[in-house]
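Heads up: the sequence lines are chains A and B, in that order.
Numbered per the numbering used here, the first sequence finishes at 434, counting up by one with no gaps.
Numbered per the numbering used here, the second sequence finishes at 434, counting up by one with no gaps.
By construction, these hints were calculated from the structure, which means they are not laboratory data.
Careful, some of the hints might be misleading.
The list makes no distinction among identical chains, and a pair is therefore deemed to hold if it is satisfied within one copy or across any two copies.
[Said to hold, decoys possible] As a list, the in silico BS3-like pairs of lysine-lysine whose alpha-carbon atoms are at most 30 Å apart:
| no. | residue 1 | residue 2 |
| --- | --- | --- |
| 1 | Lys175 | Lys213 |
| 2 | Lys218 | Lys160 |
| 3 | Lys160 | Lys175 |
| 4 | Lys84 | Lys213 |
| 5 | Lys83 | Lys213 |
| 6 | Lys84 | Lys218 |
| 7 | Lys389 | Lys332 |
| 8 | Lys332 | Lys213 |
If you want the building blocks of each chain, they are given just below.
2 protein chains.
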Amino acid sequence: MVYTDIATRTWDHGWRLDPIVRSLLDTDFYKLLMLQLIWRRHRETHATFALINRTHGVRLAEVIDEAELRAQLDHARGLRFSKKELIWLAGNSFYGEARMFAPDFLAWLADFRLPEYELRTVDGQFELHFDGPWMCTTMWEIPALAIVNELRARAALRGKGRFTLDVLYARAKAKLWEKVEQLQQLPELALSDFGTRRRHGFLWQRWCVEALKEGLGKRFIGTSNVLLAMDHDLEAIGTNAHELPMVAAALATDDAALAQAPYQVLDEWRQAYGGNLLIALPDAFGTAAFLRDAPEWVADWTGFRPDSAPPIEAGERIIAWWQAHGRDPREKLLIFSDGMDTDSIAATYRHFQGRVRMSFGWGTNLTNDFRGCDPDGATGLEPISLVCKVVSADGRPAVKLSDNPAKATGTPEEIARYLRVFGDEARAAVPVAV
Amino acid sequence: MVYTDIATRTWDHGWRLDPIVRSLLDTDFYKLLMLQLIWRRHRETHATFALINRTHGVRLAEVIDEAELRAQLDHARGLRFSKKELIWLAGNSFYGEARMFAPDFLAWLADFRLPEYELRTVDGQFELHFDGPWMCTTMWEIPALAIVNELRARAALRGKGRFTLDVLYARAKAKLWEKVEQLQQLPELALSDFGTRRRHGFLWQRWCVEALKEGLGKRFIGTSNVLLAMDHDLEAIGTNAHELPMVAAALATDDAALAQAPYQVLDEWRQAYGGNLLIALPDAFGTAAFLRDAPEWVADWTGFRPDSAPPIEAGERIIAWWQAHGRDPREKLLIFSDGMDTDSIAATYRHFQGRVRMSFGWGTNLTNDFRGCDPDGATGLEPISLVCKVVSADGRPAVKLSDNPAKATGTPEEIARYLRVFGDEARAAVPVAV
Chain A
1 MVYTDIATRT
11 WDHGWRLDPI
21 VRSLLDTDFY
31 KLLMLQLIWR
41 RHRETHATFA
51 LINRTHGVRL
61 AEVIDEAELR
71 AQLDHARGLR
81 FSKKELIWLA
91 GNSFYGEARM
101 FAPDFLAWLA
111 DFRLPEYELR
121 TVDGQFELHF
131 DGPWMCTTMW
141 EIPALAIVNE
151 LRARAALRGK
161 GRFTLDVLYA
171 RAKAKLWEKV
181 EQLQQLPELA
191 LSDFGTRRRH
201 GFLWQRWCVE
211 ALKEGLGKRF
221 IGTSNVLLAM
231 DHDLEAIGTN
241 AHELPMVAAA
251 LATDDAALAQ
261 APYQVLDEWR
271 QAYGGNLLIA
281 LPDAFGTAAF
291 LRDAPEWVAD
301 WTGFRPDSAP
311 PIEAGERIIA
321 WWQAHGRDPR
331 EKLLIFSDGM
341 DTDSIAATYR
351 HFQGRVRMSF
361 GWGTNLTNDF
371 RGCDPDGATG
381 LEPISLVCKV
391 VSADGRPAVK
401 LSDNPAKATG
411 TPEEIARYLR
421 VFGDEARAAV
431 PVAV
Chain B
1 MVYTDIATRT
11 WDHGWRLDPI
21 VRSLLDTDFY
31 KLLMLQLIWR
41 RHRETHATFA
51 LINRTHGVRL
61 AEVIDEAELR
71 AQLDHARGLR
81 FSKKELIWLA
91 GNSFYGEARM
101 FAPDFLAWLA
111 DFRLPEYELR
121 TVDGQFELHF
131 DGPWMCTTMW
141 EIPALAIVNE
151 LRARAALRGK
161 GRFTLDVLYA
171 RAKAKLWEKV
181 EQLQQLPELA
191 LSDFGTRRRH
201 GFLWQRWCVE
211 ALKEGLGKRF
221 IGTSNVLLAM
231 DHDLEAIGTN
241 AHELPMVAAA
251 LATDDAALAQ
261 APYQVLDEWR
271 QAYGGNLLIA
281 LPDAFGTAAF
291 LRDAPEWVAD
301 WTGFRPDSAP
311 PIEAGERIIA
321 WWQAHGRDPR
331 EKLLIFSDGM
341 DTDSIAATYR
351 HFQGRVRMSF
361 GWGTNLTNDF
371 RGCDPDGATG
381 LEPISLVCKV
391 VSADGRPAVK
401 LSDNPAKATG
411 TPEEIARYLR
421 VFGDEARAAV
431 PVAV
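Kindly produce the complete structure, drawing on both the sequences and the hints.
Right, here's the structure in full:
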């Protein structure tokens with residue numbers, strides 16, 4: 001007997017839109033931690049975020065219909081945190097800490113909505129800007145990326161037959177499970193999902209997270225996606241991002257203040273959070289410069305998240321710095337999250353095993369690796385390097401140097417000024433994979 | 001929104017049984033062609049069929065619950081040909097012929113039901129016999145095999161998690177699609193599904209057939225499964241099987257009659273059917289003997305289905321025979337169906353290309369290849385060599401010699417007598433893969 005649920009079929013007919021983002025919790029956990037800090041200490045700061053497609057060869061506006069993009073962005077703007085979500089944020093513990101989010105912050109969050117956006121098409125690419133109070137615009141980063149990436153995937157899949165889709169997802173599942181089996185070889189692995197921003201789609205990310213939970217057991221320590229963490233009783237993972245030092249640097253009134261900006265941000269952070277949240281991102285303006293000028297108390301922090309230098313090189317540099325400051329690296333934590341995949345995870349794990357605590361944030365190659373899966377052999381599902389970065393704060397241009405010049409953002413003049421202040425030591429261009 | 005169809009869930013709760021065979025058309029087409037012949041010309045003959053598990057290492061009765069097996073066999077006994085099915089058999093054309101099945105035969109079929117069975121467990125194996133009029137017992141072969149194979153698969157899958165099952169089927173789909181892509185390299189391929197008897201399960205066979213239809217286009221010429229042929233508007237494929245010469249040989253009253261039995265069967269067949277249905281199975285008592293003693297008119301037949309010798313060796317022998325009889329092999333057809341998989345299909349195709357017409361019947365390695373697919377690494381899904389053979393006719397023992405002694409059936413005394421009559425030329429033991 002073929003049973004068709006007529007009510008569901010009829011409901012499906014009437015869909016105006018299949019929403020990509022259906023909850024404001026469908027974002028990365030670090031956004032909420034940073035948001036609380038921004039809301040408490042930088043309520044007056046304005047910040048503009050912009051979508052940046054580093055994969056120039058993919059002309060997004062020729063792939064994605066602008067009206068569809070608007071419809072998805074508008075749908076996200078209609079979202080509010082639900083009562084259940086706010087209760088969970090208030091009642092759940094994060095990184096072993098209860099009451100991570102203060103009642104006054106949560107009360108403000110209850111009325112939060114995503115601010116307006118500016119969208120136009122220029123030369124085959126989207127110019128998508130979010131302009132307004134930092135504490136509002138910061139929240140666009142993840143939904144904007146998730147929406148654009150999933151619209152691109154949907155465009156690549158449009159017109160494919162029911163059967164082709166079936167084979168495509170079967171291959172993707174088989175492929176991911178091969179990766180899980182590779183990772184099972186690493187007994188002390190600690191790995192989390194960092195793939196929200198680059199995901200193929202929400203349902204696929206959820207499948208990937210379920211795969212890690214099933215296949216890696218306690219080696220899978222959680223997900224950056226707050227909604228998935230809530231729905232699946234997983235740990236929400238994440239600390240802070242480049243936007244904090246970038247905004248602080250943009251607002252610096254002179255070169256001396258600029259040089260101090262990265263540490264001023266960490267000082268604010270340690271007043272707000274403790275323990276395993278004391279993870280520094282060293283590469284906003286070059287890791288070598290950061291370590292060279294860091295105050296002694298930075299060595300007391302739990303660890304670092306090198307995010308743009310090759311992982312083994314970055315880890316060795318940081319370990320040497322800890323040792324130079326008399327700290328035992330075996331008590332410290334390195335979090336690797338830059339374009340990782342199973343091979344680089346295994347190589348890094350084996351290289352540092354026993355010398356330092358490690359965890360891995362796995363992004364694009366977890367939630368968006370469909371390479372070789374399309375029976376039609378098309379390439380529309382190849383992941384692209386898409387970011388949503390702060391480009392100015394209170395009208396002043398924001399800059400990221402990064403350890404990898406290919407990941408730098410900002411105007412050429414400002415980049416030149418930052419290079420004068422921080423130096424260019426040990427920066428090296430590496431192709432940005434994803 | 002999670003939508004649960006409560007009515008369906010409630011219906012599912014109440015299942016007493018998930019039936020494996022749900023239609024009498026869920027059988028191989030050759031059974032119906034042979035049945036019409038048996039019904040018309042051998043109505044009084046009795047024949048006993050028996051399940052034979054050639055994979056002795058798998059103790060089926062320790063894997064499958066006897067009560068479950070009885071429940072499935074009983075369910076199959078409750079089936080009748082439905083009105084729609086009989087109308088389709090009457091109105092559809094097969095091998096380009098309208099009215100393949102006569103009205104009086106179809107009228108008899110309307111009341112057909114599978115006869116009783118005898119089942120007991122002996123030393124970890126099932127003894128499953130079907131005893132009665134040949135025109136009734138012959139119809140048990142395919143459902144009995146499908147039921148035992150699927151029950152074994154279900155036992156192997158029992159207790160696996162929802163996710164493990166998901167990965168397992170994803171891998172199996174990806175694996176089959178790799179095979180489809182290999183076969184796409186053979187432009188003139190003609191391939192059909194022969195996998196009903198050895199299938200993992202009905203739904204999986206259906207998926208495999210859909211995969212071939214989608215991936216091979218006109219290279220996929222049809223399926224032996226009559227139900228799938230009807231439901232998917234495919235050609236039903238098949239001609240005749242070893243049981244015809246085996247019963248004729250069993251009934252032979254002396255050695256001279258025994259030596260003529262294989263040709264007597266073909267003579268009956270050519271009176272009933274024509275064209276592409278004139279395919280001889282040469283190996284029941286050894287291909288060399290069959291060709292040596294064949295009357296001249298056998299060389300007028302459309303082709304042969306060598307079913308137990310290595311395909312290239314068997315094909316060369318038959319081609320040489322056609323040439324010796326002045327026939328052009330390029331007008332003849334060879335059907336290869338013995339344990340084929342993509343490599344042997346490609347090798348055979350390339351070997352004979354341009355020299356003879358070919359088609360391939362793909363069985364176990366199409367519909368039951370889960371090797372390497374189980375995330376738990378268990379082997380319960382490895383296919384086994386299970387057959388359901390005629391063992392006696394009118395109380396006289398039936399024998400198959402085969403080109404491969406490993407596939408022979410019958411008592412040692414009778415096999416010795418048959419070897420005296422037919423000789424042992426060119427028979428060679430090859431491990432029976434599946």
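Hints and how they fare:
{"no.": "1", "hint": "Lys175 / Lys213", "result": "both (16 Å within a copy, 24 Å between copies)"}
{"no.": "2", "hint": "Lys218 / Lys160", "result": "between (38 Å within a copy, 20 Å between copies)"}
{"no.": "3", "hint": "Lys160 / Lys175", "result": "both (20 Å within a copy, 20 Å between copies)"}
{"no.": "4", "hint": "Lys84 / Lys213", "result": "within (24 Å within a copy, 48 Å between copies)"}
{"no.": "5", "hint": "Lys83 / Lys213", "result": "within (27 Å within a copy, 50 Å between copies)"}
{"no.": "6", "hint": "Lys84 / Lys218", "result": "within (27 Å within a copy, 55 Å between copies)"}
{"no.": "7", "hint": "Lys389 / Lys332", "result": "within (29 Å within a copy, 70 Å between copies)"}
{"no.": "8", "hint": "Lys332 / Lys213", "result": "within (25 Å within a copy, 57 Å between copies)"}
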